[in-house]
Amino acid sequence: MLRWFVVLALARGFQQAGFQQRGKAVVYAENERVAVVVDCESVEAQGEPLDLLMVEVAQWGTALVRRAYGDMSTAKWRRALLDHAFTPVQDFTAPRTALVIDCMDLLFDRDIDAFVLVSNSGGLARLAMRIRETDRKVVGCGERHASRELVVACHQFVYLDNLGHDLELCDATAEKPKCLTGAELRQNRVLIELLTKAVRDNAVDGGVWATLAKVGHEILRVLPDFDSRDFGYAKLGDLFRATELFEVAYRGEKRAMQVRLRPDLDLLEQPEPEPEPEPRRAMV
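Just so you know, the sequence shown maps onto residues -17 to -1, 1 to 267 in mature numbering (1 follows the signal peptide of the UniProt record, and there is no 0).
The hints are simulated quantities; they were obtained by calculation from the structure and are not laboratory data. It is possible that part of the hints are untrue.
[What the hints assert, rightly or not] Distance condition first, Cα-Cα at most 25 Å in a straight line; then the derived DSS-like pairs of lysine-lysine: (1) LYS161 / LYS218; (2) LYS218 / LYS197; (3) LYS218 / LYS180; (4) LYS237 / LYS218; (5) LYS180 / LYS197; (6) LYS197 / LYS237.
[To be verified] What follows is a set of in silico ranges between Cβ atoms, one per label pair, in the way DEER data are often shown: (7) ASP54 / ASN171: 36 to 42 Å; (8) GLN170 / ARG238: 30 to 36 Å; (9) ALA239 / LYS180: 17 to 23 Å; (10) THR117 / ARG62: 33 to 39 Å.
Ideal Cβ positions, reconstructed from N, Cα and C, are used throughout, including at glycine.
With the sequences and hints as input, model every part of the structure.
Spelled out as structure tokens, the structure:
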């Protein structure tokens, strides 16, 4: 605990010395410089998920920093970390504290745009929030039993069992397709309300069309662990189409993918008219 307060004190010192934040909104660069840190104490040692995670990270940017903390004595961890050039930090007394201190050091390095925290522990939720305060993007990765406190502290949280399944999703030739049907999706009222509100809140210039990228950011802001792959669809646009409640199309000069509620469904959303009151009979 004492080491944590020391770190915070150093952080305030850096800010008072003239560290300039990059604005109130998170910056999403085309090729972000990423730091990937793995909490080996809370995530099960599996080589394949780490392989798939690094493929996912490559889509976000360049992993300049790769560090792993905790007991890496198992063969699975050693092989997985070696294959991806991770630097092992084997602090057996307090590995999570070492992870926090190193991240705080990196936090004030302008070469880092985003952090990927691979952990299930709610003990890193405060670190995630501290990263967010400096307008860096923070993505969490973990297993289904990951602490909800950590999940909501991140801009986005990716479950490891969703990685690498894109080619297997919605295989029409499979005996049991993994994607939910339109009818099944529409039965999920929470999902439909989430998608609908995100589209309406991001409609451009009072219109009905919203840019799909902005809609996706809005959904993650509300629900950081939202992932279209949980419903069997590799892409968010495919999920919107599958509900049969939305139109998705490339529009505008930049041919950006946009989404809107199907106009022919507007009548379905209008409330039924209230019955007219019966006329009062005249008093005799």
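How the hints compare with the structure:
1. For the hint pairing LYS161 with LYS218, the CA-to-CA distance comes to about 14 Å; that is within 25 Å, so the pair holds.
2. In summary, the hint linking LYS218 to LYS197 is supported, as the alpha carbons are separated by about 14 Å, within the 25 Å threshold.
3. Among the hinted pairs, LYS218 with LYS180 is consistent with the structure: their alpha-carbon atoms are about 19 Å apart, no more than 25 Å.
4. Proximity of LYS237 to LYS218 is assessed by CA-CA distance (about 20 Å); at most 25 Å being required, the pair is judged to hold.
5. A threshold of 25 Å between alpha carbons decides the hint, and for LYS180 with LYS197 the separation of about 12 Å falls inside it, so the pair holds.
6. The hinted pair formed by LYS197 and LYS237 meets the criterion: a straight-line CA distance of about 15 Å does not exceed 25 Å.
7. In this structure the hint that ASP54 and ASN171 lie 36 to 42 Å apart at CB holds, the actual value being about 40 Å.
8. Between GLN170 and ARG238 the beta carbon distance is about 34 Å. The supplied range of 30 to 36 Å therefore holds.
9. Distance hint check for ALA239 and LYS180: the Cβ-Cβ separation is about 20 Å, which falls inside the suggested range of 17 to 23 Å.
10. Taking the beta carbon of each, THR117 and ARG62 are about 34 Å apart, inside 33 to 39 Å as hinted.
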